[in-house]
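Got chain A; can you put chains B and C on it based on the hints?
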Amino acid sequence: MSQADVSQATDIAAAPSRRLTGGLFLPLVIFSCFAIIPLLTVFGAETYLLGLVTRVMIFAIAALALDLLVGYGALISFGHAAFIGIGAYAVGILASHGIGDVLISFPVALAASALFAWLTGIVCLRTKGVYFIMITLAFGQMIFFTASSLAPYGGDDGLTIHARNTIAGLKLLDNERVFYYFALLCLLGTYLLCRAIVASRFGRVFRGAKENATRMATLGFQVYRFQLVGYIIAGMMGGLSGFLLANATNFVSPAYMSWQRSGELLIMIILGGTGTLNGAIVGSAAFLLLEEWLSGFTEHWKMIFGPLLVLAVLFVPGGLGGIGAALMRRLRRG
Amino acid sequence: MAEPVLQLDSLSKNFGGLRVTDGVTLEIMPGEMHALIGPNGAGKTTLINQISGLLAPDEGRIFLAGRDVTQAEPYARATLGLARSFQITSVLPGFTALENVALAVQARSGSSYRFFGNAASERELVEPALAALSEVGLAARAHVVASQMSHGEKRALELAMALAMQPKLLLLDEPMAGTGPEETDKLVAVLGRLKDRFPMLLVEHDMQAVFALADRISVLIYGRILTTGMPDAVRDDPQVIAAYLGDETE
Amino acid sequence: MSTALFIVQTLNGLQLGVLLFLIAAGLTLVFGVMDFINLAHGVQYMLGAYLAVMFYALTGNFFFALLLALGAALLFGLLLEFVIFRHLYERNHLDHVIATFGIILFLNQGVKFVWGAAPLTLPIPEMFTGSVALMPGLLYPVWRLVVIGAGLAVAILLYVLVTQTRIGMLVRAGATNANMVSALGVDIRRLFMIVFGFGAMLAGFAGVMIAPILSVEPGMGDTILILAFVVIVIGGIGSIRGAFIAALLIGLVDTLGRSFAVDILRLFMASSTARTVGPAIASMLIYVLMALVLYFRPAGLFPAKGR
Numbered sequence: 001m002s003q004a005d006v007s008q009a010t011d012i013a014a015a016p017s018r019r020l021t022g023g024l025f026l027p028l029v030i031f032s033c034f035a036i037i038p039l040l041t042v043f044g045a046e047t048y049l050l051g052l053v054t055r056v057m058i059f060a061i062a063a064l065a066l067d068l069l070v071g072y073g074a075l076i077s078f079g080h081a082a083f084i085g086i087g088a089y090a091v092g093i094l095a096s097h098g099i100g101d102v103l104i105s106f107p108v109a110l111a112a113s114a115l116f117a118w119l120t121g122i123v124c125l126r127t128k129g130v131y132f133i134m135i136t137l138a139f140g141q142m143i144f145f146t147a148s149s150l151a152p153y154g155g156d157d158g159l160t161i162h163a164r165n166t167i168a169g170l171k172l173l174d175n176e177r178v179f180y181y182f183a184l185l186c187l188l189g190t191y192l193l194c195r196a197i198v199a200s201r202f203g204r205v206f207r208g209a210k211e212n213a214t215r216m217a218t219l220g221f222q223v224y225r226f227q228l229v230g231y232i233i234a235g236m237m238g239g240l241s242g243f244l245l246a247n248a249t250n251f252v253s254p255a256y257m258s259w260q261r262s263g264e265l266l267i268m269i270i271l272g273g274t275g276t277l278n279g280a281i282v283g284s285a286a287f288l289l290l291e292e293w294l295s296g297f298t299e300h301w302k303m304i305f306g307p308l309l310v311l312a313v314l315f316v317p318g319g320l321g322g323i324g325a326a327l328m329r330r331l332r333r334g
Numbered sequence: 335m336a337e338p339v340l341q342l343d344s345l346s347k348n349f350g351g352l353r354v355t356d357g358v359t360l361e362i363m364p365g366e367m368h369a370l371i372g373p374n375g376a377g378k379t380t381l382i383n384q385i386s387g388l389l390a391p392d393e394g395r396i397f398l399a400g401r402d403v404t405q406a407e408p409y410a411r412a413t414l415g416l417a418r419s420f421q422i423t424s425v426l427p428g429f430t431a432l433e434n435v436a437l438a439v440q441a442r443s444g445s446s447y448r449f450f451g452n453a454a455s456e457r458e459l460v461e462p463a464l465a466a467l468s469e470v471g472l473a474a475r476a477h478v479v480a481s482q483m484s485h486g487e488k489r490a491l492e493l494a495m496a497l498a499m500q501p502k503l504l505l506l507d508e509p510m511a512g513t514g515p516e517e518t519d520k521l522v523a524v525l526g527r528l529k530d531r532f533p534m535l536l537v538e539h540d541m542q543a544v545f546a547l548a549d550r551i552s553v554l555i556y557g558r559i560l561t562t563g564m565p566d567a568v569r570d571d572p573q574v575i576a577a578y579l580g581d582e583t584e
Numbered sequence: 585m586s587t588a589l590f591i592v593q594t595l596n597g598l599q600l601g602v603l604l605f606l607i608a609a610g611l612t613l614v615f616g617v618m619d620f621i622n623l624a625h626g627v628q629y630m631l632g633a634y635l636a637v638m639f640y641a642l643t644g645n646f647f648f649a650l651l652l653a654l655g656a657a658l659l660f661g662l663l664l665e666f667v668i669f670r671h672l673y674e675r676n677h678l679d680h681v682i683a684t685f686g687i688i689l690f691l692n693q694g695v696k697f698v699w700g701a702a703p704l705t706l707p708i709p710e711m712f713t714g715s716v717a718l719m720p721g722l723l724y725p726v727w728r729l730v731v732i733g734a735g736l737a738v739a740i741l742l743y744v745l746v747t748q749t750r751i752g753m754l755v756r757a758g759a760t761n762a763n764m765v766s767a768l769g770v771d772i773r774r775l776f777m778i779v780f781g782f783g784a785m786l787a788g789f790a791g792v793m794i795a796p797i798l799s800v801e802p803g804m805g806d807t808i809l810i811l812a813f814v815v816i817v818i819g820g821i822g823s824i825r826g827a828f829i830a831a832l833l834i835g836l837v838d839t840l841g842r843s844f845a846v847d848i849l850r851l852f853m854a855s856s857t858a859r860t861v862g863p864a865i866a867s868m869l870i871y872v873l874m875a876l877v878l879y880f881r882p883a884g885l886f887p888a889k890g891r
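Which chain is which? The protein sequence lines are A, B and C, in order. Letter 106 of the first sequence, counting from 1, is numbered 106 in the working numbering, and no numbers are missing. Position in the second sequence (from 1) plus 334 gives the number in the working numbering. Position in the third sequence (from 1) plus 584 gives the number in the working numbering.
No lab work stands behind these hints, which were simulated from the structure alone. One or more hints might be untrue.
Ranges between beta-carbon positions, derived for each pair [as the list claims (entries may be wrong)]: (1) C:Ala767 x A:Trp293: 46 to 52 angstroms; (2) A:Leu24 x B:Ala474: 47 to 53 angstroms; (3) B:Ser484 x C:Val872: 48 to 54 angstroms.
Cβ-to-Cβ under 8 angstroms is the rule here; a few derived chain A residues that face chain B [as the list claims (entries may be wrong)]: (4) Ala199; (5) Arg201; (6) Asn212.
Note that the Cβ used here is the ideal one computed from N, Cα and C, for glycine as well.
Isolated chain A (complex conformation) (with noise of 0.2 angstroms):
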């Protein structure tokens, strides 16, 4: 075998990677918008889109962590949310005692959630299929019912956050331009690791798994440890996100870590498509765009959002993503 040959191989082999998370045309695209949309702001639109779009991209966040896990490890979380919750209460509780910088709030969210994805990881990845579905819905509900009888930290109402967490001492945060740009870098950062991750020798592990874990094991691969890094990975993502949201709001509360908040997310990624990345970033802007846009006619915009639910899961099984791609396909062939 000749080095030009492996060297042909290789080249050859690396492409997929594009196969595995997209060309880097759309993201470029996504990013671009993002970037741009408080310039437009200035010409009068109102903060309510900074808000708006700022919300997008946190739960953009956790729709990317959750997408790691479903489409990539085709570990399917029903409690995804409970990070949310995490992080956002290390945040608030945090306030409430008086702490309120980034630089230790920052740390304490991201370990609150690891410690809580160790935990109840080493539990729910000893199962399997649906049984894993149920506990992690279950683990959610646990810390949804726990954050609720804590009285002293708002229990029920939920807990008021009186300022933005200042960086170093700065209350740089409480600009909603810089907020916005600060949670675009969160965005960013997080995107990027994920398609790292994916390509990586980890990644390829934990997407085999997804393939094949029985014959990953046989090769000599321990699947439940990988699985379980790559669980708390996900949900460190996840209490990212939280932190992000209870700066944007000034408020924390169960609500944040509800099952329906879990289901939410979970739709997010079947929307944009699931195991593309690029997915859960359109999904979640579709879904709380959507969401807008709805209750905007009725208060009863569930009635009409659940059944488009129904519809999409019956006859759109690719989510907007499989549109897309259905799309680019019938556009290549001219």
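Coordinates of chains B and C only, in the frame set by chain A:
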């Protein structure tokens, strides 16, 4: 007297009231190609599953190169050098052939807890993977997604993955199952070439392949080893003929 | 902590357990036989309650309301199965989750639309009002005893159906290996429909029986749904026996836990800490229990498909 690569010591397994593996004692020596034959339902795949760790025996012990692996998990046995192929093709369908084999290489080659870098373009993974694919004649199909390969190609792919693990023992569970005559011949040729490099336990129904390749043959009937010996001796053994070979229509 | 209180709470725990069983039974069968995750099972329960309230307003009689509500719940369940669910059996679990989630959204909002958001009530039938003295000084509401009794009766009925009848045998076989049952020539579609309809009726029945005790409001099915999931996960998917044992276990642990957590904690720590930490720990109890069971038995206590 060399140490056996694999040693089974009075291995037994019950499923409810059915004794599927009945006091199996077996040794595979270094450099040996050992075939395991027997009628359907004799318990061959169950035995392989116990050796590779997917099933726990009720009694008895398993030694891999002298180490007691009876309680060891499948991944641990793989790390110790046990490679297997499956009776029902078990590859990673969404990965290309090269990626499949590269994963097998990756299990042996440094830490997999690397979160950066493009694993697909790592030379230290691609090179051995291509070599293994060439051994089984699949080098030209390296970039085909496994789910789109023919049945025979997938069987060869399984073999390539096993080879890439640089095994101390190859467990092959009916590699020729469902392959046509051309692909069977190819596989037999490949196995013939590999015979000298790796000790193998080959479970097969294809009697031509078995008698062409095996150094020793064990016959499994109703979970028990009826006899173990050289191919000619087994072929002529009246007990074996009565229990199995006589009814063999191949 | 008095003996009387303990007995009352144990009975309450049994009542919750029996209720959970009624809901979990249908859920575990649908999972076991059709491998279908039905989040909408909780709204079946809610619908049962709402339908009972509606039929009571029309007929003025609890028992007519119960029968009509059961019938309507059955019809609705079959409608859902026929129109939507049967197209989803072949799909993956994530699709099941999303689709049934959509149905929950629709129905939770729908009942708000039709009946308003304010909680409704259903009066206890005349002959079962009041309390009975189980022990001197220990009064317990008759209706709660009726609920316990009804639940146990259904459990026995289910046991007989599943173990002694032909259809029960098919259901048990289907829970173990649906493809095999189909390959044997059984009309698997009809079996699915029957299993689903029956499960829907059980959930509706639970809703009707609990309506006089709890308030009937939108979203009442959601929390109990998750409890039901914990039940079937602990009991083992596809197993009625598992569902029964797990349901009673959860009902008792949850009820007794909530009642006595603070008191038990007071034995170890200061009263004020106990009162803060107690409720939090009480609400976590059943999930910790579930985690323990699943750690040692990842497929539950009595999984239909075996270990």
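For each hint, the structure was consulted:
1. A beta carbon spacing of about 49 angstroms between Ala767 of chain C and Trp293 of chain A agrees with the range 46 to 52 angstroms that was offered as a hint.
2. The hint said 47 to 53 angstroms for the Cβ distance between Leu24 of chain A and Ala474 of chain B, and at roughly 30 angstroms that hint is violated.
3. Checking the proposed 48 to 54 angstroms range against Ser484 of chain B and Val872 of chain C shows it holds: the Cβ atoms sit about 51 angstroms from each other.
4. This hint holds: Ala199 of chain A has a C-beta 5 angstroms from the nearest C-beta of chain B, less than the 8 angstroms allowed.
5. Of the supplied interface hints, the one on Arg201 of chain A holds, with its beta-carbon coming within about 4 angstroms of a beta-carbon of chain B, less than 8 angstroms.
6. For Asn212 of chain A, the interface hint holds, the least distance from its beta-carbon to any beta-carbon of chain B being 5 angstroms, beneath 8 angstroms.
Figure legend: structure checked against the earlier numbered hints; the only hint not met is number 2.
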